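Chemist: Single-letter residue listing:
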Amino acid sequence: AQSVSQHNHHVILSEAASLELGCNYSYGGTVNLFWYVQYPGQHLQLLLKYFSGDPLVKGIKGFEAEFIKSKFSFNLRKPSVQWSDTAEYFCAVNTKAAGNKLTFGGGTRVLVKP
Amino acid sequence: GAVVSQHPSRVICKSGTSVKIECRSLDFQATTMFWYRQFPKKSLMLMATSNEGSKATYEQGVEKDKFLINHASLTLSTLTVTSAHPEDSSFYICSARDGGRAINEQFFGPGTRLTVL
Chain A
5 AQSVSQHNHH VILSEAASLE LGCNYSYGGT VNLFWYVQYP GQHLQLLLKY
55 FSGDPLVKGI KGFEAEFIKS KFSFNLRKPS VQWSDTAEYF CAVNTKAAGN
105 KLTFGGGTRV LVKP
Chain B
840 GAVVSQHPSR VICKSGTSVK IECRSLDFQA TTMFWYRQFP KKSLMLMATS
890 NEGSKATYEQ GVEKDKFLIN HASLTLSTLT VTSAHPEDSS FYICSARDGG
940 RAINEQFFGP GTRLTVL
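As they're listed, the protein sequences go chains A and B. Per our numbering, residue 5 is the first one in the first sequence, and the count goes up by one each step. Per our numbering, residue 840 is the first one in the second sequence, and the count goes up by one each step.
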């Protein structure tokens, strides 16, 4: 069965700092990978996704993620965060074997101090 | 495009009553919808997969008689929490897969916060 782990539960940083959130998955076959963001009081929004091709994926709001197959990782990065990036971030994976159901990581709560 | 709505956004009910939550895809046809539950400070847990015109597929540990799912049309799925108890209090989120787009992308509704007194 597929699973996803996010190692950082809480991250606090200042504006303009760089952000990197770790995501590792466990599944030996082909995966589709996603990062979602949930701003306070709002619904989940897709930041970016990886299906195939270039392992460096660029998403909205200046976010990017890199798929490293050998490490089973899909870390999210942003070079310079803003206060408005305060949110909870979820990594997710789905596989054809699991009927394309999404499995979410535990989430990382990011607080950006102005 | 690809907007999913949920109604109601919040509901408070007494223990023992049933609550229905609606999930609608507003501008696309959703052959598949998913229902998730999110506990405070926790991740989303998939409860069931709902396919239009057929019975829902429940995840292990989810009581199908407790959480009734109906997906009667390509734009509407409902989740009914029957005989709700305080432990059913949670944030329920639906998502929908757009049949006309990449099969692996889901669009999420804003969620429904259920509080059972």
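Please note: incorrect hints may appear among the correct ones.
When the alpha-carbon atoms are kept at most 27 Å apart in a straight line, the in silico DSSO-like pairs for lysine-lysine are as follows [said to hold, decoys possible]:
1. A/K82 <-> B/K881
2. B/K905 <-> A/K117
3. A/K75 <-> B/K881
4. B/K880 <-> A/K82
5. B/K894 <-> A/K105
6. A/K117 <-> B/K881
7. B/K880 <-> A/K53
8. B/K859 <-> A/K100
9. B/K881 <-> B/K903
10. A/K53 <-> A/K73
11. B/K903 <-> A/K100
12. A/K105 <-> B/K881
13. B/K859 <-> B/K905
14. B/K905 <-> A/K65
15. A/K105 <-> B/K853
16. A/K100 <-> B/K881
17. A/K105 <-> B/K905
18. B/K859 <-> B/K894
19. A/K65 <-> B/K859
20. A/K105 <-> B/K859
21. B/K881 <-> A/K53
Simulated coverage check for chain A against chain B, where a stretch passes if three residues somewhere in it have a Cβ under 8 Å from a Cβ of chain B [to be verified]:
22. 68 to 77
23. 94 to 106
These aren't lab readings, by the way, just hints derived from the structure by calculation. For clarity, every value in this text was computed on a predicted model and none was experimentally measured. Positions of the beta carbon are idealized from the N, C-alpha and C atoms, including for glycine.
Chemist: Next step is simple, just say for each hint if it's right about the structure.
Modeler: Checked hints:
1. A/K82 <-> B/K881: Roughly 23 Å between the alpha carbons, so the hint for A/K82 and B/K881 holds.
2. B/K905 <-> A/K117: violated, 43 Å
3. A/K75 <-> B/K881: holds, 25 Å
4. B/K880 <-> A/K82: holds, 23 Å
5. B/K894 <-> A/K105: Satisfied, since the Cα-Cα distance of roughly 16 Å is no more than 27 Å.
6. A/K117 <-> B/K881: The given pair, whose Cα atoms are some 23 Å apart, holds under the 27 Å limit.
7. B/K880 <-> A/K53: holds, 23 Å
8. B/K859 <-> A/K100: Violated, at roughly 31 Å.
9. B/K881 <-> B/K903: Given that 27 Å is the threshold and the Cα spacing comes to 22 Å, the pair holds.
10. A/K53 <-> A/K73: holds, 15 Å
11. B/K903 <-> A/K100: holds, 24 Å
12. A/K105 <-> B/K881: holds, 18 Å
13. B/K859 <-> B/K905: Status holds; Cα separation ~12 Å.
14. B/K905 <-> A/K65: violated, 40 Å
15. A/K105 <-> B/K853: Status violated; Cα separation ~33 Å.
16. A/K100 <-> B/K881: holds, 25 Å
17. A/K105 <-> B/K905: Judged against 27 Å, a Cα distance of about 22 Å means the pair holds.
18. B/K859 <-> B/K894: holds, 17 Å
19. A/K65 <-> B/K859: violated, 36 Å
20. A/K105 <-> B/K859: holds, 23 Å
21. B/K881 <-> A/K53: holds, 22 Å
22. 68 to 77: The restraint on the region 68 to 77 of chain A is violated, since only 0 of its residues have a Cβ under 8 Å from chain B and three are required.
23. 94 to 106: Check passed, 6 qualifying residues.
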